[in-house]
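J.: Single-letter residue listing:
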Amino acid sequence: MTDTNRNEEIRELLALYALRQLDERDQVRVERALAADPELRRELGAYEHVGARLADGMAPVSAPASIKHNVMASVRASAAHRAGGTLDDIAAAADSARPAPERSSRARDRARRRWFTAPAFTGAMAAACLLLAVVAIDLGRDLDAANERADRLERAAESNTGAPAGFENATPHTVATTGDFEGATGSLIQVSKDKWILAFNDVPTPAVGTSWQVWTADSNGLIENVAQWKSGDTQLLVLDRADIVEVMVSYEPTTRPAPVPSSAPVADVKI
Amino acid sequence: MQRTAEQRAQHVAWMRQVADGDPDVFEMLYDEFVDLTFSIAIGMLRDRQRAEDATQDVWIKIWNAASTYDSGKASVATWITTLTHRHMIDMIRRANARPGDRPGAEAGDEVASRMSTSDDVAEEATNRAYADDVRSAMADLTADQRTALELAYFDGLSQSEIAARLGKPLGTVKTYMFQGMRRLRDALGVEADMPTGSQGDPRG
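Order-wise, the sequence lines are chains A and B.
Be aware that the first sequence starts at 1, since it is given in my numbering, and climbs by one per residue.
Be aware that the second sequence starts at 272, since it is given in my numbering, and climbs by one per residue.
Please keep in mind that the hints were generated in silico from the structure rather than gathered at the bench.
A hint or two may mislead.
[To be verified] Cross-link-like lysine-lysine pairs, in silico, DSS-like; alpha carbons within 30 Å at most:
no.	chain 1	residue 1	chain 2	residue 2
1	B	K332	A	K270
2	A	K193	A	K68
3	A	K193	B	K332
4	A	K270	A	K230
5	A	K193	A	K230
6	A	K270	A	K193
7	A	K230	A	K68
8	B	K332	A	K230
9	A	K68	B	K344
10	B	K332	B	K344
11	A	K68	B	K445
12	A	K230	B	K344
13	B	K445	B	K344
[What the hints assert, rightly or not] To spell it out: a stretch of chain B is covered by chain A in this simulated footprint if at least three of its residues, at any positions, have a beta carbon under 8 Å from a beta carbon of chain A; those stretches are:
no.	stretch
14	274-288
15	324-330
16	335-341
17	440-453
For clarity, every value in this text was computed on a predicted model and none was experimentally measured.
Even glycine gets a Cβ: it sits at the ideal position worked out from N, Cα and C.
The task is simple: from the sequences and hints, build the whole structure.
T.: Shown next, in the form of structure tokens:
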């Protein structure tokens, strides 16, 4: 096949790639081509823009406010964590995402206790509790006090509204590391039925143009890319993975994820 | 929704601040685009509860992935739409691949149930009101191209599912989708060398 024919074939595949219609083999071919050719990346951008124009045709539906409360609780807790905040800062940040009308005078004084009883916040609260545990375990700050606090928060959660589905499996799993990750310490915690927190400390910075990619494997052996582990991050929320049996981190020679890991995992946890 | 150049520039500035970890700016970004993401979610999943869960997950992804946004490749709106659409496709396919999750369910039932939903909000969300230029471009496609694209984009069907639905060979369906996308791209004036999100991007 000539280069011209090969390029034309890749261009045809690009349109299907934008529609998420390629099998694994073709997806790998396209991603390799994309990594090497900025012109193809621009062309993919054009197809993605076409998709966005189609999505504009969806009838507009207003999102319910409850989504915002949950999202902002998680985001504010995450931001406080990233900023190196104390456990109190993180809990208060998540707490601050409560709906404004409910945060007045005495209610605000009791906010932390009552926060655990609000049904809309059960998931976010559980995530925040476990985030506290992760912080305590992985950052090694004031471990005894932090663990005691995380335990207290967790007990409070269970005693008020009952644990969300899957919360009973919340014991951290230790991540085995090797190679470049040998000095890193990691753990995996199940937050709810299909949500997990993967936490690492001391992850080495990948070389320019390469990346650490996070993957999950389910009981059918299906391996899916979750996200790129960004330099400086200490935790990653893994969403919508209900029946996974393994979480892995691999070295990838590009910053774009391939359909499957291209090398043996440098970090691995079996559930 | 069409946005001005100033708004698009504002969105790019917000994304930089979100990538730096600013939750207040993230909240502004959320307020600006959440209805877009929820509309895609409910339009594709056709189930309000699942759409709410999926929208929540999408916004956590946006928070985690903000630093990967490249303003030279796409507008913020296109980037968020693409991320949301991919998440919905993955949800639909994962549900289809796990028929055992529901007693007596078989592969493909998920799509069938979404197609026959009685949820009023979901029903309404499947009504498509394309912008004039998109409607005109869609009208210029052949019926098979249009159907294949809509089943792929909105319903998340795989090539083989679309082939079965249309009663056409797999290769023919691939051709419908490729030709349809290329014709839409040309008709909408989206050139390969025009970075989306630039001045020429009417969508923003």
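J.: Would you mind marking each hint as holding or not holding in the structure?
T.: Hints, verified against the model:
1. K332/B / K270/A: holds, 24 Å
2. K193/A / K68/A: holds, 21 Å
3. K193/A / K332/B: With a Cα-Cα distance of about 18 Å, the restraint between K193/A and K332/B holds, given a limit of 30 Å.
4. K270/A / K230/A: With a Cα-Cα distance of about 22 Å, the restraint between K270/A and K230/A holds, given a limit of 30 Å.
5. K193/A / K230/A: holds, 25 Å
6. K270/A / K193/A: Measuring from Cα to Cα gives roughly 16 Å; hence the hint holds.
7. K230/A / K68/A: Holds, at roughly 25 Å.
8. K332/B / K230/A: holds, 13 Å
9. K68/A / K344/B: holds, 28 Å
10. K332/B / K344/B: holds, 19 Å
11. K68/A / K445/B: Answer violated: K68/A to K445/B is near 39 Å, above 30 Å.
12. K230/A / K344/B: At roughly 20 Å apart (the allowed maximum being 30 Å), K344/B and K230/A satisfy the hint.
13. K445/B / K344/B: holds, 26 Å
14. 274-288: violated (count 0)
15. 324-330: holds (count 5)
16. 335-341: holds (count 4)
17. 440-453: Contact hint for the stretch 440-453 of chain B vs chain A: holds, 5 residues under 8 Å.
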